[in-house]
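Colleague: Just need the whole structure built from these sequences, with the hints factored in.
Protein chains in written order, with our numbering: chain A, 1 to 430; chain B, 1 to 224.
Take these hints with a grain of salt, some might be off.
For the chain B half of the interface with chain A, some residues (derived, Cβ under 7 Å), not all of them [what the hints assert, rightly or not]:
{"id": "1", "residue": "N49"}
{"id": "2", "residue": "D55"}
{"id": "3", "residue": "E59"}
{"id": "4", "residue": "G60"}
{"id": "5", "residue": "Y62"}
{"id": "6", "residue": "F72"}
{"id": "7", "residue": "N75"}
{"id": "8", "residue": "N93"}
{"id": "9", "residue": "L95"}
{"id": "10", "residue": "A98"}
{"id": "11", "residue": "F110"}
{"id": "12", "residue": "T176"}
These aren't lab readings, by the way, just hints derived from the structure by calculation.
Keep in mind that this is a model prediction, so the values were computed, not measured.
Where is the CB? At the ideal position from N, CA and C, for every residue including glycine.
Chain by chain, the residues run as shown.
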Amino acid sequence: MNKVFNHISKNLLLIKLFIRELNKERRKILMTIAGIAWGTLTIILLLSFGDGLANQMMKSRKGLGVNIVILYPGQTGREYQGLPQGRGISFREEDCDLLKNRIPYIDRIAGEYDSWGNSFKYKDKMVSEKVRGVSSIGYEDMRTHFPQEGGRFINKMDLQERRRVIFLGTNLKERLMGDVDAVGETILINGFPFKVIGVMQDKMQMGMYGGPDTETAVIPASTFKTIYGNEYLSRIIYQVNEIDRSEYVNSLVRQTLGSKYRFHPEDKSALHFWDTIKNTKVTRKVFTGITIFMGLIGALTLVIASVGVANIMFITVKKRTREIGIKRAIGGKRGLIKFQFIMEALLIDLTGGLIGGSVAYLIVFLIRNLIGKGDGFGEGMAMYMLSQPNFSWTVAITTASILGLVGLLSGFFPARRAAAVDPIEALHYE
Amino acid sequence: MIDMNNIKKVYDTGKIQVEALRGVNLQIEEGDFMTVVGPSGSGKSTLMNIIGCLDKPSEGEYKLNQKSVKNFNDNQLSEIRNQDIGFVFQNFNLLPYASAYENVEMPLLFAGMSGKKRRERVEYILDRVGLSERMGHKPNELSGGQKQRVAIARALVNNPKIILADEPTGNLDTKTGENIMQLFIELWKEGNTIVMITHDPRATKYSEKAVKLIDGKIKNQTMD
Ligand SMILES: Nc1ncnc2c1ncn2[C@@H]1O[C@H](COP(=O)(O)OP(=O)(O)OP(=O)(O)O)[C@@H](O)[C@H]1O
Ligand SMILES: [Mg+2]
Chain A
1 MNKVFNHISK
11 NLLLIKLFIR
21 ELNKERRKIL
31 MTIAGIAWGT
41 LTIILLLSFG
51 DGLANQMMKS
61 RKGLGVNIVI
71 LYPGQTGREY
81 QGLPQGRGIS
91 FREEDCDLLK
101 NRIPYIDRIA
111 GEYDSWGNSF
121 KYKDKMVSEK
131 VRGVSSIGYE
141 DMRTHFPQEG
151 GRFINKMDLQ
161 ERRRVIFLGT
171 NLKERLMGDV
181 DAVGETILIN
191 GFPFKVIGVM
201 QDKMQMGMYG
211 GPDTETAVIP
221 ASTFKTIYGN
231 EYLSRIIYQV
241 NEIDRSEYVN
251 SLVRQTLGSK
261 YRFHPEDKSA
271 LHFWDTIKNT
281 KVTRKVFTGI
291 TIFMGLIGAL
301 TLVIASVGVA
311 NIMFITVKKR
321 TREIGIKRAI
331 GGKRGLIKFQ
341 FIMEALLIDL
351 TGGLIGGSVA
361 YLIVFLIRNL
371 IGKGDGFGEG
381 MAMYMLSQPN
391 FSWTVAITTA
401 SILGLVGLLS
411 GFFPARRAAA
421 VDPIEALHYE
Chain B
1 MIDMNNIKKV
11 YDTGKIQVEA
21 LRGVNLQIEE
31 GDFMTVVGPS
41 GSGKSTLMNI
51 IGCLDKPSEG
61 EYKLNQKSVK
71 NFNDNQLSEI
81 RNQDIGFVFQ
91 NFNLLPYASA
101 YENVEMPLLF
111 AGMSGKKRRE
121 RVEYILDRVG
131 LSERMGHKPN
141 ELSGGQKQRV
151 AIARALVNNP
161 KIILADEPTG
171 NLDTKTGENI
181 MQLFIELWKE
191 GNTIVMITHD
201 PRATKYSEKA
211 VKLIDGKIKN
221 QTMD
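Modeller: Written as structure tokens, this is what we have:
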């Protein structure tokens, strides 16, 4: 213990002396520190923005749904079992149960009915919007229709008893009811009274069909049928339990419905699949690529800065040849000389890294907290995507490791030269 | 304590080979005060560097305390320079950015001495050479004589077996040189072993052994 303390105190003194000497080359050192700081800043910002962008992208992908496939009915593309080409396919609610029972890889499934241009009325306010009937409670998780506090989504009883309850998208609720606490209120749709049971949490939504969810009203499918009398679903949505299996599941869906509605299992036009999982995987890959690319650019900046550190270390080694000789003459070992120069390079590196890191942290903090998040559409979309840079632990550790490595390397070679200095020649060196 | 047998040193500068030492035999006992004289280029500094384990002989046997120096590695030689040998140079060779105190403390740091002991030792030794008042000064704030006192303190601080001084008064005016010489003589009288390259007759007078080097060979070795 005492020995360790001694070792530290010894090197502290040597470093103290070193800093004193560095003072003489203040300008050059400051430039080098600035270089390292700039490199650190670049790498952290690039990684943080990359990370934040990927997060936001993933989040807004989830706005449409989590690992879902959206299935639309089509028309048969070829003759099959004596039935003609061009025959329309239609989905019924029972198809959902059929698919769920036949295919174990489907976690959740729901059918949707849509009705457009309904008049919504609350007190004096009138709004024209779309109403959607959904056939299962799994819809909430699958299509990320999470209720704000105090409210809920449609439940089993609502479905069974055909209750006139309604779950409102955020924007629709605001347009119709303003700031009022909507839950428990009654609104009229085409004159029929509906009780508001929940308002959806605001969300970012990348993909959509028939308008964003924030503008939509959702009611139980059973209720929908009694009012609108629809026989066929607009579409079916299902969630796959393992994302790598989505294509296989889609083929099972095609087979199952094919044997029920009698179309060829290879008939591509009978059913239309919007497989959001495929897109998710591609996005993820693209962002991994972007992150690696940005990391490389940042690392390159740092490497260039570290060449600066190595350069200045080589200069100091040369300038201090005489002092190295003196230290060697009075008993300083090679290892100590080497250690000292590596420490010195690390010190420059660390100072630059800390400065760059703090500035980067500040910038990330300010952007996250002060800049508006954007409304999620058009120009606001770009703002939304860039407004949440993420200075994560991964980013910090990556940067620190690169910095450490760079510091060691930029210190190592000059240090090796310093340790190899011949004391006698060094003592004559002017 | 020091036993040199047929020491030769050849500098290979590429084209020409310089024979700096051409067969030197030398014994130094504890408590000796030996002076080395000789014309410029005769090999005095070369001999001193070999005695001080800063350099290795090209040929011949050098035994320090009955141990052949040949067999030591670089770290062991560093330890010998730190523990057993104290160097004083003509041009002082102090670390310019360190205070007098820190310059003297440096060998103790290398030796791994603890903080409190170090402080006592440095203060004691600076007091011994008469520099208590100047501990915090950097070398460029000291006179030539004071610088040399710092260098002597640094050489003494680890209680070396031998002090090697290469023309310690060469860069000093006559009066200051005399004072420094006086200090060496006092140190010798206190029991230190000293080898000094010098032309100062005063030192030659006090020294028991005087070695004269000419062309890398010892011409005469006088004993009182
Ligand atoms: N590193 C070296 N490389 C080549 N030759 C050297 C080297 N060091 C010393 N010499 C040569 O060796 C010889 C002896 O040099 P040394 O320095 O020992 O002389 P000296 O007696 O100390 O002289 P001075 O009184 O001028 O200090 C000289 O001819 C010198 O040129
Ligand atoms: Mg000389």
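Colleague: Each hint needs a verdict: does it hold in this structure or not?
Modeller: Evaluated hints:
no., hint, verdict
1, N49, "holds (6 Å)"
2, D55, "holds (6 Å)"
3, E59, "violated (18 Å)"
4, G60, "violated (18 Å)"
5, Y62, "violated (16 Å)"
6, F72, "violated (13 Å)"
7, N75, "holds (5 Å)"
8, N93, "holds (5 Å)"
9, L95, "holds (6 Å)"
10, A98, "holds (5 Å)"
11, F110, "holds (4 Å)"
12, T176, "violated (22 Å)"
Against the hints set out earlier in the document, violations occur for numbers 3, 4, 5, 6, 12.
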